[in-house]
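Mind docking chain E on chain L? Use the hints.
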Amino acid sequence: VSAYDAIAVGETHDFGSYEFTAERIVGFARRFDPQVFHVDAEAAKATPYGGLIASGIHTIALTFRLFLMTGALNAENSLGSPGFDELKWLKPVRPGDTLRAAGEVLELRPSKAGDRGIVRLRYSTYNQKGETVFTVIGNQIVRRRPSGKE
Amino acid sequence: MRSLDDFTAGETIVHGDWPLTAEAIVAFAAEYDPQPFHLDAAAPRTALTGGLVASGWHVAAIFMRMMCDSFLLDSTCMGSPGVDRLQWLKPVRPGDTLVGRTIVVEVRPSRSRPDRGIVRFRHEMANQHGETVMTIDNPILFGRRP
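Line by line, the protein sequences are chains L and E. Just so we're aligned, residue 1 is where the first sequence starts under our numbering, counting upward by one. Just so we're aligned, residue 1001 is where the second sequence starts under our numbering, counting upward by one.
Keep in mind the hints are simulated off the structure, nothing from the lab. Among the hints, a few may not be true.
[Said to hold, decoys possible] Here chain L is said to cover these stretches of chain E; the calculated rule only asks that three of the stretch's residues, wherever they fall, bring their Cβ under 8 Å from a Cβ of chain L:
{"#": "1", "stretch": "1004-1018"}
{"#": "2", "stretch": "1049-1060"}
{"#": "3", "stretch": "1063-1069"}
{"#": "4", "stretch": "1101-1111"}
By construction, the Cβ of each residue, glycine as well, lies at the ideal position given by its N, Cα and C atoms.
In isolation and in its complexed conformation, chain L is listed as follows (with noise of 0.2 Å):
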């Protein structure tokens, strides 16, 4: 994704993964979200979630770190968010558990002026077992190539 003129709808992109430790589940939880599922080992066993899991939050904000560090977005091309949308948790992501990321080009909507458009991404999160954890709909506005030029 390195230009919006060089994005074709339906590429898919391999993110890479990353293991959320309980430390990591709890370090991040303790500052933003500190629910008894989130932070309290022990305590999480008696909550429908049968033991500790990561924040939603925490989840999302890895998932965006993995696609940043492809470099597909940078801070030539990138001009921000204005949001996401049908984000789904599916599945608790625990404690040992290895994410892998990856994306899917959904749509490209071009702005009326030309410089820029709006990329459309499916971001899809799966753990080790290879079930989906995570989806979501994010919307990367990125600039355009100049015409005429590379």
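Below, chain E alone, put in the same frame as chain L:
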């Protein structure tokens, strides 16, 4: 403790204020969203955003914490299936004070599981000027009062 039965459609829950420093913006971005306009006030790219701006994920995470402290930790919350839509409407900058509120849109007891139900919320984050910077449409699952 708040259960499903304690929410009323139309009700507004006001959360605590959250002053945001440049240091906090950079620390979050270094870990989760390392783009120059979140990390480095002096980077050439940052000039295009008019200075340092907070990661949108950071603003969402702060909202989550506001909601925990305001009512979620003392509730029968059983998690959330997702977010229908999140919109980032305005940049958040160092020195801004974020103000969050949550509006109850709908309270829907489950037909198949009588011990629980879904509350549909509209969450709104504003800055100290009263400008809305982020909105989130989000259902959350709650247990019912025994």
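Evaluation of the provided hints:
no. : hint      : in the structure
1   : 1004-1018 : violated (count 0)
2   : 1049-1060 : holds (count 4)
3   : 1063-1069 : holds (count 3)
4   : 1101-1111 : violated (count 0)
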